[in-house]
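Engineer: Residue numbers (our numbering), protein chains in the order written: chain A, 1 to 420; chain B, 421 to 583.
A portion of the hints provided could be inaccurate.
Unchecked claim - For lysine-lysine, the following DSS-like pairs were computed, each having C-alpha atoms within a straight-line distance of at most 30 Å:
# : chain 1 : residue 1 : chain 2 : residue 2
1 : A       : Lys-170   : A       : Lys-156
2 : A       : Lys-170   : A       : Lys-28
3 : A       : Lys-259   : B       : Lys-470
4 : B       : Lys-557   : A       : Lys-28
5 : B       : Lys-583   : A       : Lys-48
6 : B       : Lys-583   : A       : Lys-156
Keep in mind the hints are simulated off the structure, nothing from the lab.
Each chain, written out:
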Amino acid sequence: MPMTITEKILAAHAGTDQVVPGELINAKVDLVLGNDITAPVAIKEFNKIGSADVFDRERIALVPDHFTPNKDIKSAEQSKMIREFAREHQIVNYFDVGRMGIEHCLLPEQGLVGPGDLVIGADSHTCTYGALGAFSTGMGSTDIAAAMALGYTWLKVPESIKFVFEGELKPWVGGKDLILRIIGDIGVDGALYKALEFTGPTIENLSMDGRFSMCNMAIEAGAKNGLVPPDEITRAYVEGRYRRPYRFYQSDPDAEYAKVYKYDASKIEPQVAFPHLPENSRAVSEAGHVEIDQSVIGSCTNGRIEDMREAAKVLKGKKVHRNVRLIILPGTQDIYLQALEAGLIEAFVRAGAAVSTPTCGPCLGGHMGVLAGGERCIATTNRNFVGRMGHIESEVYLSNPAVAAASAILGRIAGPWEVK
Amino acid sequence: MEFKGRAWKFGSDVDTDAIIPARYLNTSDPAELAEHCMEGAVPSFPPGFKNGDIFVAGKNFGCGSSREHAPIAIKAAGVSCVIARTFARIFYRNAFNIGLPIFESPEAAEDIRDGDELAAEAGTGIITNLTTGRIYKSVPVPPFMQEIITAGGLISHVSNRLK
Ligand code: SF4
Chain A
1 MPMTITEKIL
11 AAHAGTDQVV
21 PGELINAKVD
31 LVLGNDITAP
41 VAIKEFNKIG
51 SADVFDRERI
61 ALVPDHFTPN
71 KDIKSAEQSK
81 MIREFAREHQ
91 IVNYFDVGRM
101 GIEHCLLPEQ
111 GLVGPGDLVI
121 GADSHTCTYG
131 ALGAFSTGMG
141 STDIAAAMAL
151 GYTWLKVPES
161 IKFVFEGELK
171 PWVGGKDLIL
181 RIIGDIGVDG
191 ALYKALEFTG
201 PTIENLSMDG
211 RFSMCNMAIE
221 AGAKNGLVPP
231 DEITRAYVEG
241 RYRRPYRFYQ
251 SDPDAEYAKV
261 YKYDASKIEP
271 QVAFPHLPEN
281 SRAVSEAGHV
291 EIDQSVIGSC
301 TNGRIEDMRE
311 AAKVLKGKKV
321 HRNVRLIILP
331 GTQDIYLQAL
341 EAGLIEAFVR
351 AGAAVSTPTC
361 GPCLGGHMGV
371 LAGGERCIAT
381 TNRNFVGRMG
391 HIESEVYLSN
401 PAVAAASAIL
411 GRIAGPWEVK
Chain B
421 MEFKGRAWKF
431 GSDVDTDAII
441 PARYLNTSDP
451 AELAEHCMEG
461 AVPSFPPGFK
471 NGDIFVAGKN
481 FGCGSSREHA
491 PIAIKAAGVS
501 CVIARTFARI
511 FYRNAFNIGL
521 PIFESPEAAE
531 DIRDGDELAA
541 EAGTGIITNL
551 TTGRIYKSVP
561 VPPFMQEIIT
571 AGGLISHVSN
581 RLK
C-alpha cells in the first residue's frame with residue numbers, strides 16, 4: 001500500500017513495513033527533549049518510575065531556554081533541578097547558559113535531529129524538525145518521562161493533509177507568511193491530530209530557515225506534525241552537522257491524503273495575525289492603522305540567521321520609533337555570533353534595538369519584554385493568545401521579521417516597503 | 421467512576437495560556453498552579469465554584485502549549501472532569517497521563533447550559549444532565565488509553581512494564 005512520509009517514518013520506527021492512519025503503534029524514539037518548564041515535571045515523574053537510568057544518555061536533550069538566564073529564584077530552582085539530573089545521568093546534550101539557544105533553533109543546528117528521525121519533545125513546537133524530513137511532535141512531561149526510561153512511545157498514526165504551493169514568492173514574503181496564511185484559511189483546529197505536508201515548487205525553493213518557520217507553526221493549526229519532503233537543500237543543511245546516518249523518506253505518488261490544498265504562492269502578501277488567535281491573519285496592507293508599543297524579533301519561529309538578515313535589511317541606517325521598544329533575540333549562540341560577524345548586531349544597536357542573549361523570554365511572557373495592560377506588540381513569535389506576552393489586556397500581533405522591523409521604525413504595523 | 425457537579429461553561433479554543441499563564445510556570449507545584457487556573461479565560465476563578473464541579477467547553481479545548489501544568493492546574497483546582505466538543509491533541513494525552521478525566525461529546529458541549537447539574541460516568545462515557553434530564557454519549561476512549569487509566573496513569577503503567 002502506498003504511504004506518506006509520516007507513515008513511512010512511523011512504520012520504520014515501529015519495526016513494521018506498513019502502518020495506516022488511526023493505528024496505535026509503539027515506536028522507537030531517536031531523541032527526547034525537555035526544557036526548563038517541562039523537564040522538571042518530567043524528572044519528578046521519571047523518578048517515580050523507579051528505573052534507575054535513562055534509556056540512552058546520548059538521545060536525551062535538555063535545554064533550559066524559557067526563563068533563562070534565570071529571571072527569579074523559582075525558575076533558578078527549576079534549572080538547577082535539570083542541571084543536577086543531567087549531571088547524575090551524564091546527559092550528553094545538556095546546554096546551559098552561554099552554550100544554549102532556543103531548543104528548536106538549537107537542536108537542528110547542533111546536528112541532533114536529522115531526516116527520517118522520530119523525535120518527541122515536551123514542548124509543542126517540537127514539530128519544527130519536520131522541516132528536515134523528520135517526524136517530530138510535542139507531548140507532555142509524563143510522556144517524556146516514560147520515553148526517557150523506555151526509549152519508545154505510543155503514537156496514533158495521523159492522517160495527512162497536503163499543501164501544494166506553486167509560484168514565486170513576492171518580495172518580503174517567507175515561510176512565516178505561508179504558514180500564517182494556511183492557519184488563517186483552515187483555522188486553529190483545522191488540522192487537529194493530522195500530519196501536514198508542505199510541498200510544491202515554491203517549497204522546493206524555500207530556504208531551510210523558511211521551512212523551519214513553517215513546520216514550527218503546524219501545531220497552531222492543531223496538527224500533530226508538519227513536514228517538508230527532504231531534498232538537496234535539506235542535504236546541504238545536515239551534511240557536516242548530523243552525526244548519524246540519515247534517511248530521506250518520500251511520500252508515494254499515490255499516497256492517500258485526508259485533504260489537498262493548492263496555493264498560488266505568488267498571490268500571498270506578508271501576513272499579520274491579529275489578536276487573539278493565529279488564525280486571524282490578513283495581509284499587512286489590510287492591517288489598517290495599528291500603533292504599537294513593542295516589537296519582538298526572535299523565537300523558535302523566526303530567530304534564525306536568515307530572520308536576523310531580513311530584519312537588518314530593514315533596520316540598517318534607520319532608527320526605531322521613539323514610542324517603540326524593539327527587542328531582538330538571536331535564537332542560539334551560534335546565530336548570535338554569525339549576526340555579530342556579519343555586522344547585523346551593530347546595525348540593530350545603532351538603530352536603537354535591545355539585543356538579548358538567546359532566550360524564549362518575551363515570547364511566553366516570561367521575562368525580557370513583558371507587556372503592561374493595554375500595550376500592543378508585534379512579534380515574530382507563534383502565539384498571540386490572551387495574555388501570552390504579559391497582561392491579559394495586552395495584545396500580540398504576529399508577523400515575519402521584516403514586517404516587525406518596519407513596524408518598529410514606523411511605530412505602527414507596516415510593511416517594509418513603507419520604510420523610506 | 422461517576423462525577424457529579426455544576427457545569428461551568430467556556431467557549432471554543434480555550435488555550436493553555438488561558439488555562440495557566442506561562443508567567444506562573446516557574447513552579448510545578450499543583451496547589452500553586454491551581455490558584456491561577458483559568459486566569460486568562462475568567463478574571464478570577466468563578467465564585468461559587470465547588471470541588472467536583474465540571475468544565476464544559478467548545479471545540480479545541482487546551483490548544484497551544486504542551487504544558488502538563490494545564491490539566492494539573494485544572495485537576496488541582498478541584499474540577500472533577502472536563503467535557504468538550506473536541507480537545508487539542510497534546511492536552512488530550514496529558515489529561516489521561518495525569519489522571520484528569522475528559523469526555524469528548526459534541527452534543528453535550530452544545531446542549532449543556534452554564535449552571536446545569538451534571539453526572540458523568542467514566543466507564544460508559546455517558547453524561548446525564550440532571551437539570552434537563554437529557555442524556556449524551558461521549559466518543560469512546562481507545563482501549564489502549566483505557567489500559568493506562570486502569571493502571572492508574574502512564575507512570576504506573578510504565579513501572580509495571582519495567583518490572
Ligand atoms: S520561543 Fe516561544 S514558542 Fe518557541 S519554545 Fe520558546 S516559548 Fe515556546
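Engineer: Against each hint, give a clear statement of whether it holds in the structure.
Structural biologist: Hint by hint, here is what the structure shows:
| no. | hint | result |
| --- | --- | --- |
| 1 | A:Lys-170 x A:Lys-156 | violated (38 Å) |
| 2 | A:Lys-170 x A:Lys-28 | violated (41 Å) |
| 3 | A:Lys-259 x B:Lys-470 | violated (44 Å) |
| 4 | B:Lys-557 x A:Lys-28 | violated (35 Å) |
| 5 | B:Lys-583 x A:Lys-48 | holds (13 Å) |
| 6 | B:Lys-583 x A:Lys-156 | holds (25 Å) |
Of the numbered hints given earlier, the model fails hints 1, 2, 3 and 4; all others are met.
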